[in-house]
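Novice: Sequence:
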Amino acid sequence: DRSFDLVTMLDVVEHLSPGELADALDEAQRVLVPGGEIFVHTAPTSVLYEVTYRLQRLGVPTRWRTWPKDPRKALERRMHVNEQRLGTLRRALRRAGFERVRVGLGDWVYTDFVPQPRAKRLYWRLSRVPWLRRFGVADLYARAARPGGT
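Quick note on my numbering: the sequence shown kicks off at 3 and runs consecutively.
Keep in mind that the hints were calculated from the coordinates and are not lab data. Computed from a prediction, not measured in an experiment: that's the story for all the values here. It is possible that some hints are incorrect.
[What the hints assert, rightly or not] Derived CB-CB ranges, DEER-like: (1) ARG67 <-> ASP7: 12 to 22 Å; (2) THR64 <-> TRP126: 25 to 35 Å; (3) ASP109 <-> GLU22: 21 to 31 Å.
Every residue, glycine too, gets a C-beta built ideally from N, C-alpha and C.
All chains should be modelled from the sequences, with the hints used to inform the complete structure.
Specialist: Here it is in structure tokens:
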């Protein structure tokens with residue numbers, strides 16, 4: 003209890019169910035000293051598959067559509083059970099009692115699952131426009147603190 007200044011969760015969150023994530027964040031709270039911080043990195047975001055990819059797929063005429071409905075492989079679907087968005091990660095940290103929660107986009111532009119080179123370039127373009135970055139960038143970072151610090 004209250005032994006560590008920092009807890010890191012690097013590429014873990016997306017593999018935990020919502021309940022497991024809540025338990026892990028509770029455990030992080032338990033082991034952090036007051037004011038201690040948690041640092042989280044998670045990838046990919048759910049926005050890539052649920053928004054950007056789906057909209058691109060809809061833009062392909064049905065008679066030419068070779069894009070799969072879900073581009074993830076079976077292993078990815080089994081392993082990535084809790085892909086995050088900016089708001090969902092922020093809410094999970096706040097629900098766990100963290101304060102000074104900051105969640106932001108990383109820099110990784112992941113396009114391996116996109117079937118056409120032209121469509122892949124769209125992710126890169128989106129990632130360069132500040133108000134559209136969330137639709138092209140694949141990773142999130144978060145930093146928060148256990149209450150009680152100065």
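Novice: Hints first: check each against the structure and report whether it holds.
Specialist: A quick look at each hint next to the structure:
{"no.": "1", "hint": "ARG67 <-> ASP7: 12 to 22 Å", "in the structure": "violated, 52 Å"}
{"no.": "2", "hint": "THR64 <-> TRP126: 25 to 35 Å", "in the structure": "holds, 26 Å"}
{"no.": "3", "hint": "ASP109 <-> GLU22: 21 to 31 Å", "in the structure": "holds, 27 Å"}
Consistency note: the structure conflicts with earlier hint 1 alone.
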